[in-house]
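Asks: In case you want the letters, here they are:
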Amino acid sequence: MAGTILKAKNFNAFFGQNQVLKNINLDIMRNDVVAVMGPSGCGKTTFIRCINRMHELTPDATAEGEILVDDKNVYKMNLIVLRRKIGMVFQRPNPFPTMSIYQNAIAGYLLNGIKLTKSKKDEVVETSLKRVALWDEVKDSLHKKGTFLSGGQQQRLCIARAISLNPEILLLDEPTSALDPISTSKIEELIYELKKNYTIIIVTHNMQQAGRISDKTAFFYLGEVLEYNVTKEIFTNPKHEKTQNYITGHFG
Amino acid sequence: MTINRSYRKIKLQYIGRKEIRRINFTEASFKKMLLLSAIGLVVVLLAIFVTLLISSLPSIKAIGVGFIYGKTWDPVVDHYGGLPFLIGTLLTALLALIISIPFSLAVGLFLGEYFRSGVISGIFKNIIELLAAIPSVIYGFWGLFVLVPLVRSLETTLGVPPYGVGIFTSSIILAIMIIPYSVSLTAQVISLVPANLKEAAYSLGATRFEVIKNIILPYTRSGIFAGILLGLGRALGETMAVTMLIGNSHIIPTSIFSPGNTMASVIANEFTEATGDIYLSALIEMGLFLFVVTTIINVIGRRVIKRFSIN
Ligand SMILES: Nc1ncnc2c1ncn2[C@@H]1O[C@H](COP(=O)(O)OP(=O)(O)OP(=O)(O)O)[C@@H](O)[C@H]1O
Ligand SMILES: [Mg+2]
Chain B
1 MAGTILKAKN FNAFFGQNQV LKNINLDIMR NDVVAVMGPS GCGKTTFIRC INRMHELTPD
61 ATAEGEILVD DKNVYKMNLI VLRRKIGMVF QRPNPFPTMS IYQNAIAGYL LNGIKLTKSK
121 KDEVVETSLK RVALWDEVKD SLHKKGTFLS GGQQQRLCIA RAISLNPEIL LLDEPTSALD
181 PISTSKIEEL IYELKKNYTI IIVTHNMQQA GRISDKTAFF YLGEVLEYNV TKEIFTNPKH
241 EKTQNYITGH FG
Chain H
1001 MTINRSYRKI KLQYIGRKEI RRINFTEASF KKMLLLSAIG LVVVLLAIFV TLLISSLPSI
1061 KAIGVGFIYG KTWDPVVDHY GGLPFLIGTL LTALLALIIS IPFSLAVGLF LGEYFRSGVI
1121 SGIFKNIIEL LAAIPSVIYG FWGLFVLVPL VRSLETTLGV PPYGVGIFTS SIILAIMIIP
1181 YSVSLTAQVI SLVPANLKEA AYSLGATRFE VIKNIILPYT RSGIFAGILL GLGRALGETM
1241 AVTMLIGNSH IIPTSIFSPG NTMASVIANE FTEATGDIYL SALIEMGLFL FVVTTIINVI
1301 GRRVIKRFSI N
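Just so you know, the sequences run in chain order B and H.
So for the first sequence, the working numbering puts the first residue at 1; every next one is plus one.
So for the second sequence, the working numbering puts the first residue at 1001; every next one is plus one.
Any given hint could turn out to be false.
Here are the simulated DSS-like cross-link-like pairs (lysine-lysine), alpha carbons at most 30 Å apart as the crow flies [as the list claims (entries may be wrong)]: (1) Lys-144(B) with Lys-1071(H); (2) Lys-22(B) with Lys-1306(H); (3) Lys-76(B) with Lys-1198(H); (4) Lys-1198(H) with Lys-72(B); (5) Lys-115(B) with Lys-85(B); (6) Lys-139(B) with Lys-1306(H); (7) Lys-7(B) with Lys-1198(H); (8) Lys-145(B) with Lys-1306(H); (9) Lys-139(B) with Lys-1213(H); (10) Lys-144(B) with Lys-1198(H); (11) Lys-1306(H) with Lys-85(B); (12) Lys-85(B) with Lys-1213(H); (13) Lys-7(B) with Lys-72(B); (14) Lys-121(B) with Lys-1198(H); (15) Lys-130(B) with Lys-1198(H); (16) Lys-1031(H) with Lys-121(B); (17) Lys-76(B) with Lys-1306(H).
No lab work stands behind these hints: they were computed from the structure.
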C-alpha cells in the first residue's frame, strides 16, 4: 500500500493571535520515517500536535487549512477514531503512574472502555512489549507500576502503549532527548523495526539521529517548511542557506 | 584552577571568624525558635487532654466504662450513658459525608479540571470561601427557618413523625458546611494532575469523561480522601448549628428522621445548667470522649490516605 498517507495543505496554526505555523504544505508517504528538524520554537511540536488534533486542547489555539490522513480531513474526522489511528509519544516518558506495566501496555483499550478477554489482553500486551523489545526485561514484573522502570524502559513502554491500538501513523516528539545513549540507540533500532508497519514522524534535534533513521527530513524555520527532501539530499546538498547553516551548526 | 584559588582567598578575607560565629549563632537560634514553637503546640495539646482528664475523674470514678455503652442519660438520678450521643455524632457526620461527597467531587472537578482559571472559576472560588466563612450560628438560623419546614413537609409525605428537627436536618446543614472545605482541597489536587498524563490519555483516543474516570480520579484519590477527612473532622466537632437543629433528645435515634443529640451538642446544650458535680464532670468526660473519637478517626484516615497515595 504505497502512496501518500498524510498531506498538509496550506496549513496554518495559531496560539491566540500568534501565528506559529505558516502555510505548511507537506506530503508524507506510507512507511516513511520523516524527521522534523529546525531551531527551537520554530513550530515542530505544534505541527505534529496538529496532526492528531492535540493542538486544540490548548485554550485559544486554532488552526486553518487542511491536514489529510488517508485523504480524509482530520478536522472532519471523529476525534476518537483519528487519535486511535495516530499514536503519539511525548518528549518525557509519561507512563500512567496509577497503572501497572501490563495496564499501561493496554491503556488504550482500558481508557476507551474496549472490553477484551483475558487471553486477548495477554496477547496484546505481549506483542506490543515484544515489538518495543521490552518484553524480556519486564515479563516477570508485569504487575509492577510502570513508573518503577528506568527512563529508557519507560519510553519504550510509552511506545508500546501507543502502538497497541495498531495506529497507522506514529508521532514522536523528541522521544530520546531525555534518555542516555544506550536507551537512545535501542529506541532508534526500534524505530527502524517499526517502520515496516507504521509511518513515523519524528521531531529531533539530533542530526546524527535524523541521518541514521529517517528517509526524509522536513526543515522548519519560523513556522515555515523551508525544505523537505530525502534526508541524504538535505544533509549533503541543502538547497537553502538557512538549512545549511543549521546543519553545519551555525545556529539552533 | 587559579581563578578558583583566588576566589577562595577573597571569601576568606571577607568572612572572618567572628562573622562565621555570628552566622552560626543566628542559624542555631532560629532553629531553636522553630523547635520551641513546635513544642509549645504539643504542650497545649497535652495540657488540654490532661485538664479534660482531671476534670472527668469524678465522673469516671462514679460511672466507669458504662459511660461509653450506657443507653440512658438522666441527670436527675445521676445516670450518665453516652451511647445515644456517640451514635448521634457518628450518624450525623456519616450522613453529612454521604450527602456532601457527590457535590464536593462535582464542584472539585468543575473548578480543578473544567474551569481552572478565568472569571467563572474566580467567582466560584470566592463564593466557596464565603461559604466557609459564615458563622455556624447563621447556618443554624437558616436551618431553623428554611430547612426545618422543608424537612417537616417531607416527613409528612413519607408518613414519619414530622418533627422537622433531627438527625437528617442536621446532616444536611453539616453537609453544606463541610462542602467548602472538601471542595477547595479536591479542586486543588485535581488541578495538580500533570498535564502530560492527561495528554497521553487524550492521544490514545480517550474522551474527557474517560480521562477523568481513569486518570484524574485514580491519581487524586488520596487527596480527595484527605478532603473528605477534613470535612469529617469538622462534622464530628461542629456544635452550634447542630445543637439548634438536632432536636436535643436523649434517646438513641431509631431512624435518620429521629431527633437526637451529638456529643458536641449535648455539651453545648447542658453545660450552663449542669448543677451537680458529677453532672458537670460527666459533660467534661463527654468532651474527652469526643476528643478521643476524633483522634482515632483522624489516625485511621491518615493510614488510609497513605495506602491510597501513589508509590
Ligand atoms: N501552549 C502555548 N501557548 C502559547 N504559545 C505557545 C504554546 N506552545 C508553544 N507556543 C509557541 O509556539 C511556537 C512554536 O512552539 P513549538 O513548541 O511548536 O516549537 P518547537 O519547534 O517544538 O520547539 P522546541 O524545539 O524547543 O521543542 C513558539 O514560539 C512558542 O512560543
Ligand atoms: Mg518541541
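Asks: I'd like to know which numbered hints this structure contradicts. Please list them from smallest to largest.
Replies: Numbers 1, 2, 11, 16 and 17, in rising order.
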